[in-house]
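Following the hints, complete the assembly by docking chain A onto the known chain F.
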Amino acid sequence: GAVVSQHPSRVICKSGTSVKIECRSLDFQATTMFWYRQFPKKSLMLMATSNEGSKATYEQGVEKDKFLINHASLTLSTLTVTSAHPEDSSFYICSARGGRVTEKLFFGSGTQLSVL
Amino acid sequence: GDSVTQMEGPVTLSEEAFLTINCTYTATGYPSLFWYVQYPGEGLQLLLKATKADDKGSNKGFEATYRKETTSFHLEKGSVQVSDSAVYFCALSFSGGSNYKLTFGKGTLLTVNP
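Each protein sequence line maps, in turn, to chains F and A. Heads up: the first sequence begins at 1265 in the numbering used here, then just goes up one per residue. Heads up: the second sequence begins at 20 in the numbering used here, then just goes up one per residue.
A portion of the hints provided could be inaccurate.
Restricting the straight-line Cα-Cα distance to at most 25 angstroms, the calculated cross-link-like pairs of lysine-lysine (DSS-like) are [said to hold, decoys possible]:
1. F:LYS1328 / F:LYS1284
2. A:LYS120 / F:LYS1306
3. A:LYS68 / F:LYS1368
Just a sample of chain F residues kept apart from chain A, beta carbon distances all over 12 angstroms, derived [stated by the list, open to error]:
4. SER1279
5. SER1282
6. GLU1327
7. SER1337
Worth flagging that the hints you see were computed from the coordinates, not collected in a lab. Keep in mind that this is a model prediction, so the values were computed, not measured. Glycine is no exception: its CB is placed at the ideal position from the N, C-alpha and C atoms.
Isolated chain F, as found in the complex (with noise of 0.2 angstroms):
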């Protein structure tokens, strides 16, 4: 079936550096990628979602000048934590859509983001 890999799954990094988070589909061209951020004992939270070649759609309360998305290609989505500071420590999930016959959506594994 259908892989997405994310890289890293474990980050930690001090306050005020920027970490970069990639989501690949493996096998599979996505035409488009979320990105999602779980807080503990708080439900998957949509971020923002990514069409290849066009800029991100940020949901609501999403700094898109703090997390930079790019989907350059149609395997490869980036989120960029800038200036990370404690309060986005997070679980960060990505999921890619696409599909040779029905459009499917599929999971990465998910980073967690520790920042000290």
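Positioned in the frame of chain F, the structure of chain A alone reads:
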């Protein structure tokens, strides 16, 4: 806005026990409903879905019935196995069943002991 509420975990069961994970939703209209499962170290996978009232989704021995009158989509399995240990997410979508813009519950961690 739309929301999904599922039972708090963690849930710990012995092998062959009966499982129920409750899920209720709040939405304007009639969404499609989903259960996703996340095994340790893996991405979320679609477990089952239902797109209209009274539909029953089923997969791998799991079942859930779309109950419009109680706005619920409870997940059940008659006899759990150790391999069912995972986090289970209930979700809804209005995207015509194409499950792309999803509203999730918080997830319920299930641990099945031998």
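Legend entry - Violated hints - listed by number, lowest first: none
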